[in-house]
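First to last, the sequence lines map onto chains A and B.
Residue numbers for the first sequence follow the numbering used here, so the first one is 1 and each next one is one higher.
Residue numbers for the second sequence follow the numbering used here, so the first one is 324 and each next one is one higher.
Mixed in with the good hints there might be a few duds.
[Stated by the list, open to error] Pairs of lysine-lysine residues, derived as BS3-like cross-links and limited to a Cα-Cα distance of at most 27 Å, are as follows: (1) A:38 <-> B:353; (2) A:270 <-> A:249; (3) A:47 <-> B:368; (4) A:161 <-> A:137; (5) B:386 <-> B:353; (6) A:144 <-> B:384; (7) A:27 <-> B:368; (8) A:23 <-> A:45; (9) B:368 <-> B:353; (10) A:60 <-> A:45; (11) A:144 <-> B:368; (12) A:38 <-> B:384; (13) B:386 <-> A:31; (14) A:47 <-> A:23.
[Unchecked claim] Pair by pair, the computed Cβ-Cβ distance ranges are: (15) A:236 <-> B:350: 48 to 56 Å; (16) A:27 <-> B:337: 26 to 34 Å; (17) B:410 <-> A:243: 18 to 26 Å; (18) A:248 <-> B:376: 42 to 50 Å; (19) A:310 <-> B:338: 44 to 52 Å; (20) B:352 <-> A:166: 46 to 54 Å; (21) B:352 <-> A:71: 46 to 54 Å; (22) A:150 <-> B:399: 35 to 43 Å; (23) A:236 <-> B:335: 38 to 46 Å; (24) A:308 <-> B:423: 44 to 52 Å; (25) A:63 <-> B:410: 40 to 48 Å.
What the hints contain is simulated information worked out from the structure, not anything from laboratory work.
Remember, it's a predicted structure, so these values are computed and weren't measured experimentally.
Note that beta-carbon positions come from the ideal geometry of N, C-alpha and C, so glycine has one too.
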Amino acid sequence: MEYKDYYKILGVARDATPDQIKKTYRKLARKYHPDVSKEANAEDKFKEVQEAYEVLKDSKKREAYDTLGSNWQNGQDFRPPPGWGGSQGFSGGSNVNPEDLGGFSDFFESIFGGGGGGFRQEGFQGGGRGHGHFRQKGRDEHAKISISLEDAYLGGEKTIKMQVPEVDANGVMRQKVRTLKIKIPKGITSGKQMRLSNQGSPGAGGGPNGDLYLEINVAPHKLYNLQDRDIYLTLPITPWEAALGSKVKVPTLGGNVDLTIAKGSQGGGKLRLKGRGLPGSPAAGDQYVLLQIVNPPINNDADRELYEKMAKDIQFNPRESLF
Amino acid sequence: MSRNDVTIINIETDQELTLDEICEACTITKDFVVELYDYGALDPKGISIEVWRFSPEHIQKVKTILRLQNDLDVNLSGALLAVDLMQQIEDMQNRIDILESQVDLHKKI
């Protein structure tokens, strides 16, 4: 297993005071907290920072860690010294549940045991031994399901595979591939969640299973943007369609529709196609069409003359209000 | 629902949870749920506490609040403020995506 240099992870000196450690931890926790951070690998970083703080904030754990010496390098292959008794007396006393974070590192566990209360050692590896000592609910599992906008509109079926821990007949934890066939109803929106109680990881010591949370994510679409049940489409139109008014075909998820563009429309105008968004109760969403006027390029002399004629004949200054 | 290899799940768009269920799912007390309600952080369906119905999204919101409180050492008001701001950022990002699609279209033409 790899040695973890907790001082390096937090970016503090080995003789840092508890106050300095706390301050640095808070700063890094804000930076890498998975709920707020946009940093790449925020979750892994946060877990690492949490683990380092878990050790360095606790004087006994820090002292035990320091006895390993300062010659180790972060990532170096590590074996606990012979006769190491570091895991004695370290279970409990923490308000961090490493299982919430997917567990602390093997290095942490080899030095300090199960961290959040000896959960893994007694509950999982010990199998039946854990009964009577404690009961703990299994970890909640989360799965994000990405579907197309078309599937959100029409409904559909999506199959996903996820790795879940299961206790086998001998009481040993194993990773098992679980296949979920998800039936998606029409009109589901992005961010929609569902809770499947007792479908998460197995509990320990006779505790109940965790729950399984599914979250729907509607993938970005090449034409449409989705906001709740409403769909936005940017529609390119010509200057003369905007100026003179016209009827144009507009794509919607339910098929093409004719849209009337009023005379004198401007770019940025927003037209509503009622009920053409995602189906739903009490009402379906709408489709909004955002007009975008596109100037034709000049391809030949005739085109140029036409522009020149407009410049000469049409009295129009779009910058009037700026001066 | 079995724990066999293939599990078929019908997504329900209107899954509702009782007060007891949200307490159990988040390992929190009823008093804490009421406190969150008083802060305006939870808006269950139902006119009285006996008939409150929560959604799975409420569970995630509560869990986020708890994580922020525990991990960042902020008080409840601070965690609620962060959650509100995160929601605002998400909404704004959505608006930006829509506006950027207009800009992208310009680039393509």
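Which of the listed hints are broken here? Of the numbered hints given earlier, those the structure breaks are 1, 3, 7, 16, 17, 19, 20, 24, listed in rising order.
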